[in-house]
Structure formats: structure tokens, C-alpha cells
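Asks: Could you put the whole structure together from the sequences, leaning on the hints where they help?
Chains A and B are the protein sequences, given in the same order. The first sequence lines up with residues 10 to 383 when you count with the numbering used here. The second sequence lines up with residues 15 to 269 when you count with the numbering used here.
The hints are simulated quantities; they were obtained by calculation from the structure and are not laboratory data. Each hint should be verified, as a subset may be incorrect.
Unchecked claim - Chain B side only, calculated, beta carbon under 10 Å to chain A, not exhaustive:
(1) Q84
(2) L110
(3) Q125
We put the CB at the ideal spot given by N, CA and C, even for glycine.
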Amino acid sequence: MFVEVGTGSGADLELELTGEWRALQITGIERELAAVKVAAGGAVRIGTRRLAALDLSGAWALREFLGRARSAGTEVTFKGAPPDQLRLLDETLATAEPPTAPTAAPVPPEQAVLTAIGRNAVRAGADLIDGLGFVGRASVSFLRSLTSLKRLRLISVARHVYDSGLTAVPIVALIGFLISVIIAYMSAQQLRGLGADIYVVDLVAIGVLRELGVLLTSIIVAGRTGSAYAAELGSMKLNEEVDALIATGVDPFEVLIVPRLLGLAIALPLLTIIADLVGLAGGALLCRYLLDMPLTQYVYRVNYAISPSTFWVGLLKAPVFAVLIGLAGCYRGMLVRDSARELGRLVTVAVVQAIFFVILADALFAVLFMEMNI
Amino acid sequence: MQPRLEVQGLVNRFGPQLVHDGLDMQVSEDEVFGIVGGSGAGKSVLLRTILGLQRPQAGVVRIDGSDITQMSAAQLLGVKARYGVSFQQGALYSGLTLLQNVQLPMVEHLQLTAAARDELALLKIRLVGLPAEAAAKYPAQLSGGMVKRAALARALALDPSLLFLDEPTSGLDPVSAAAFDELVLYLQQHLRLTIVMITHDLDTIFRTCNRVGVIVDGRMESDTLERIVDHPHPWIQAYFHGERARARQAGAHGA
Numbered sequence: 010m011f012v013e014v015g016t017g018s019g020a021d022l023e024l025e026l027t028g029e030w031r032a033l034q035i036t037g038i039e040r041e042l043a044a045v046k047v048a049a050g051g052a053v054r055i056g057t058r059r060l061a062a063l064d065l066s067g068a069w070a071l072r073e074f075l076g077r078a079r080s081a082g083t084e085v086t087f088k089g090a091p092p093d094q095l096r097l098l099d100e101t102l103a104t105a106e107p108p109t110a111p112t113a114a115p116v117p118p119e120q121a122v123l124t125a126i127g128r129n130a131v132r133a134g135a136d137l138i139d140g141l142g143f144v145g146r147a148s149v150s151f152l153r154s155l156t157s158l159k160r161l162r163l164i165s166v167a168r169h170v171y172d173s174g175l176t177a178v179p180i181v182a183l184i185g186f187l188i189s190v191i192i193a194y195m196s197a198q199q200l201r202g203l204g205a206d207i208y209v210v211d212l213v214a215i216g217v218l219r220e221l222g223v224l225l226t227s228i229i230v231a232g233r234t235g236s237a238y239a240a241e242l243g244s245m246k247l248n249e250e251v252d253a254l255i256a257t258g259v260d261p262f263e264v265l266i267v268p269r270l271l272g273l274a275i276a277l278p279l280l281t282i283i284a285d286l287v288g289l290a291g292g293a294l295l296c297r298y299l300l301d302m303p304l305t306q307y308v309y310r311v312n313y314a315i316s317p318s319t320f321w322v323g324l325l326k327a328p329v330f331a332v333l334i335g336l337a338g339c340y341r342g343m344l345v346r347d348s349a350r351e352l353g354r355l356v357t358v359a360v361v362q363a364i365f366f367v368i369l370a371d372a373l374f375a376v377l378f379m380e381m382n383i
Numbered sequence: 015m016q017p018r019l020e021v022q023g024l025v026n027r028f029g030p031q032l033v034h035d036g037l038d039m040q041v042s043e044d045e046v047f048g049i050v051g052g053s054g055a056g057k058s059v060l061l062r063t064i065l066g067l068q069r070p071q072a073g074v075v076r077i078d079g080s081d082i083t084q085m086s087a088a089q090l091l092g093v094k095a096r097y098g099v100s101f102q103q104g105a106l107y108s109g110l111t112l113l114q115n116v117q118l119p120m121v122e123h124l125q126l127t128a129a130a131r132d133e134l135a136l137l138k139i140r141l142v143g144l145p146a147e148a149a150a151k152y153p154a155q156l157s158g159g160m161v162k163r164a165a166l167a168r169a170l171a172l173d174p175s176l177l178f179l180d181e182p183t184s185g186l187d188p189v190s191a192a193a194f195d196e197l198v199l200y201l202q203q204h205l206r207l208t209i210v211m212i213t214h215d216l217d218t219i220f221r222t223c224n225r226v227g228v229i230v231d232g233r234m235e236s237d238t239l240e241r242i243v244d245h246p247h248p249w250i251q252a253y254f255h256g257e258r259a260r261a262r263q264a265g266a267h268g269a
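Replies: What follows is the structure in C-alpha cells.
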């Protein structure tokens, strides 16, 4: 189809190239060329009269064949002038052969493991220092922005309260309701056997107010807002918008990061209150239908079960979690450089770290409050 | 002879805004056709329509005689393997090295061994005048001029005979832009390419284009370079004989 082989005098070959030698047909061309046997001392004459088209990929395949034939000791000639495209290839490839990159000597496997551990340790150390530096700069920018109303960027803060708070209300409310369903069903099953049904109310009230309301709200917000912060700042970095801010003499921490942290620190406690409210309301509903407990008794029992500090212990954690989520999102977003893949990687890291920090901080709070007897 | 590219009665409308109002254009074999127009005249929309990235409200776009606006996605894929595009900002895939960027169309459309793909991709990279070391670099590590060349190398990956260039010299210094013009001409002559380019650069137009189409009032006025400069339309007059054009001619005389 692409090469017609005819025998000339003796061991000589006559090749007639036919058809369209284009990139899209390269597989067939290579296969037919590979099938041509070239022998030492022989001669090959190539005719190109019936060649309908020859593009660079086709010419490259032909050039590879010529190289193979010549190194096998075959003399190759063209009937008429060799195709123009071959000359173009020769010209392009004639300019100094590409220097092959010096390949590093292979490292023995046991050493490779050590190298990897060492490299990761150094990287983790640098990452930690870098992260602390970021927290420091964010704190300084925050304090400085407190000095004047203009620097506080209230409009920007309001926008972030709206984006991360108001728009999250439906999902947070739903989660709050579902938590109370889970606690109520699980505990009712266990406590009914003991005849201690009434403690279901205690578990729902304390569980939602003190721990689960704020924790699950934070996790939802970490997924929603932490990722949004990282992606937003990351694409601004890719688009050189952050550089443009710096070049204009505007501190990106002041206009981008402090409003985000502040907005989230306002929004997350409010969301937590909503989750608490819906959780308690859900508890009331379940106790009514699951335990046949009238509403008045439920309210009375809730009042009895919780101490004045229970609600505040839960709510106190919200702004701390908010700052952790915001810092993780903003820090990772500002690290994005060069590529879309990097953006995706760092958004993932931001969310994972935000959730991790939230749970870690919650554990620390649990120990702290226990020690303080609250 | 059948035109490589033919656009007839093209209408593109975004809401109340009429971008193209019956635009006609024709590009024949071996031509370098320049598309010129003011900002917002619809050059990019025209290119996107020709590439099949968006469907027009009315009109026909024929590439090698077949109307791409009526094609199914599968048929369009076959046409796409025949043309190459270099986008204005390069649009190199930021997560891939230059070599992988050039190989991506080959992986999609050609069945090649990995070694052959490496060699062919490297060939394209060197063909556009980039050093072989650049092959292992990521787009973010390339300079603006190198990105333009890299985008051209990727556009040439499948050895298309029809090439679309969107502002190939914008953002380049005059020396690099001139070198790029020479490269385009060199490739056009050696590979017998038909080239359609959007450009603002008068130097590029005068150096490389045979014919020029100017988008004015949603239509296209196209003619040979020698004749289009005398077209009476006020925008075309301003474009070819305005302050900048005069400065260019003065510079040419001075040299």
C-alpha cells in the first residue's frame, strides 16, 4: 500500500513509494518499511514518482529506514531528486545533536529509602516554618487592619460572611437535624433496655450543643469554604492577580486573607448556633414520636440536663475552628504556582488539613475542658 | 480549485449583540490569510466557529469541502486531526512537559511506539527552533517567546496542512516577532501549509500574508494585501494608514 518492492539486478531492490505518507498513516508505513529486508553490499533504489503526499512524519519514517539501510551497509539512491521534506529534516536535525541529559548514577535501594526520608523531613520542616510565617503575617495584617475602618475592608468581610455563612444555612441545618436523629436512635435503642429512656434527651442536648453541632458544621464548612478559599486564591495566583496587587502597593494579606478569616470567624459561630437550634428541635420531634414524650417534658429535661456552660463550650470552639479552616485554605491557595494540577493538589491538601486541624483542636479542647472540670 | 476553508453567510449573535452578520471568507490552498479587525469585532468568535468550538446561528463553514456546522462530534474529530491550532496565550497544558504537550495529539490520533513518539515530538520541537533541553520543561518555565513556539510545535504535532494561529506574535519583542514571522514563512514554504492567522501586527501582515480579511460591521472585506490597503472603508483606511502604520512605513524607509 505504501511501499512496492521489486527486485532489480542481483541482490538490488527497487522500492516504489506510493500513496499518502501522512502522520495518520504512520503505523502502516512503519510496518511496511520494517518488512523490507536490506542486506549488506546490496543497493536500494527508491522511486518517489507515485508518492501522493509526504509530510514530516512520513519523511521521518523514511529517514529512519534510510538510516537503517545505510548502517546495514546498503547503498541507497533515489530515482530523481530526493524529496524536499528529507532535506528539511536533515537541516533541522543537523544543528548540534541534543545533548543527552546526564543520567544520575542509580542509587542503591536502601540508600534511596533514606534519601527519601531525609528529603521529606527537610521539606516538612521547611513547610512548617513557611506555614508559621504565614500565620505570623496574617496575624500582623489582622492587627494592622484593626487600626482603621478603611483597612478592615468591611464590604469584603460581609461578602465572605454571605458566601461562607448564609449560603451554607440549608446544608448546615439539615446536618444538625440528622445528627440529632443519629444520637436519638442510637441511644434510644441502648437506653430503652435499661428503662432509662429519659436520658436520650440528655445525650441529644449535650452531644449536639457541646460537640457534634460545632464539629460537623466545621467539617462541612471546611469542605465548602476551605476549598473555595484555596481555589479562589490559587487561581488568582495563576492569573498573576496577586502579583498585580503587590505591584499596586496593596498588601494581599490585608485585602484577600484577613477579610476571609474574619468573615469565616463570624459566619461559623452563627452556623453553629443554627445547627444547635435545629439539632435540639430535631431532638424534640424524635422524642415526641420515638419515646412519646410531650414537648413540655422535653424542654424541662433539656434544661435539667445542660449546665449554663454547655452551649458556650460548644460555641467557643467555633471561631477557633474557623480560623484554622481559613488559614489552611488561604495558605495552600497562596502556595499555588505554575499549573492547574498544582491548584488541584493544593485544594485537596487544604481541605484535608482543615478537617484534620479541626478534629485535632477538638480533641485538645475535650482534654482541656475535662481538666478544667467544665 | 476547491478552497481549503470557506465560510458563507455566517451569523453569530450573543443576546442582542450581533457579532457576525453574514460574514463570508475563503482561503485557498497554500495561502497565508490574515484576519484583522478592531477589538470586539469578532475575530476570536470567528476562529472559535471555524474550529467547531461553537455553533453559529446561521451560515456554513466548510473545511476541505465539508460543512463542519452540520457534523456530528465523531465526524468533527476526523477534521480536527487535519488542522493544527496555536492559541493566543499558548494554552499549553500546564501539568505536562513540553514534550508531553506535543505528544498529546499524537497519543490521541496516531498509533506509534513510545520511542517513535519521542523522536517525532522532539523533531517538532527542534523544527520550531527550540533547543532540545526545552522538551523536559513545564510551560511555566518557558519564556513568552518560547511559549509561542511551543504552541506552534504542538499545533504541528499531527503534520496538519491547515494551520490556525491566533495572534502568533502578540506580546513578543520586535526581534522575536520578526524571527517568528520568518519561522512561519519557512514552515509554510517547506511544509506547504495553508495558514489562517489572526493578527494585529502590521509587520507580520506585510511580511507573511498573501491575502487579508478585515472584519468590519460584522462582515469581512478580503482582498490581496496590495489591494486591501486601498479599500475605502474608514476603519481599514485608519488601520493601514493611521499613525502607527505611517510610523512603520517611515521606519521602513529610514532603514
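Asks: If a hint holds in the structure, say so; if it does not, say that too.
Replies: So, going through the hints one by one against the coordinates:
1. Q84: Violated. Min distance 23 Å.
2. L110: It holds, given that the least Cβ distance between L110 (chain B) and chain A is near 9 Å, below 10 Å.
3. Q125: holds, 4 Å
The structure is inconsistent with hint 1 alone, although it conforms to all the rest.
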